[in-house]
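Chemist: Sequence:
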Amino acid sequence: MPYERLLREGRIRPHRTNRQEVAGLFQVVKRDLADAAITVLSADRRFAIAYNAALQAATAVMYSEGYRAHSVGHHSSVFAFLGEAMGNDTSQLADYFDDCRRKRNRADYVGAGGISITEVEDLLKEARAFAALARQWIDAHHPELT
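Using our numbering, you'd call the opening residue of the sequence shown number 27 and step up by one each time.
Derived from the structure by calculation, the hints contain no laboratory data. Incorrect hints may appear among the rest.
As the list claims (entries may be wrong) - Derived lysine-lysine pairs resembling BS3-like cross-links, with alpha carbons at most 25 Å apart:
hint, residue 1, residue 2
1, Lys151, Lys56
2, Lys56, Lys129
3, Lys129, Lys151
Unchecked claim - Beta-carbon label-pair distances, calculated as ranges:
hint, residue 1, residue 2, range
4, Ala138, Pro40, 33 to 41 Å
5, Ile64, Gly140, 14 to 22 Å
6, Ala166, Glu47, 15 to 23 Å
7, Ala166, Glu30, 17 to 25 Å
Yeah, the Cβ is synthetic: ideal placement off N, Cα and C, and Gly gets one too.
With these hints in hand, go ahead and build the complete structure from the sequences.
Modeler: This is how it looks when you write it as structure tokens:
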């Protein structure tokens, strides 16, 4: 059974989505990618916004497969799911986004100023590319949702 480990661990649950919900997630992705490019914002804030764009694109993939995250630490569950859903090609990317999750957490909850402009630009580049990839993947695997 696909995603058996994540189901058994209680990290995901079945979820029925629809075209409007997936479209709404991609509207958030589009907004966040634009906002993360606003250079007058702090690097920490831009990083958090770019991270959210990647998270919402990954959530769209998860929803399209018929699941949602269900646990404390649901962001990490979304990225764990991503590696399984889209195959080995995205496993490293899922790990990268999960590393970004930890950096974002430190910036949001421990202290400001720990994110460099280079880290922001790298994440923004990866989030843009992943958003396009996620959209293409959903178009190919779940055309009823696009």
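Chemist: Next, verify each hint and record whether it holds.
Modeler: Now for the hints, and whether the structure bears them out:
no.: 1; hint: Lys151 with Lys56; verdict: holds, 13 Å
no.: 2; hint: Lys56 with Lys129; verdict: holds, 22 Å
no.: 3; hint: Lys129 with Lys151; verdict: holds, 17 Å
no.: 4; hint: Ala138 with Pro40: 33 to 41 Å; verdict: holds, 39 Å
no.: 5; hint: Ile64 with Gly140: 14 to 22 Å; verdict: holds, 20 Å
no.: 6; hint: Ala166 with Glu47: 15 to 23 Å; verdict: holds, 19 Å
no.: 7; hint: Ala166 with Glu30: 17 to 25 Å; verdict: holds, 24 Å
When held up to the earlier numbered hints, the structure conflicts with none and fits them all.
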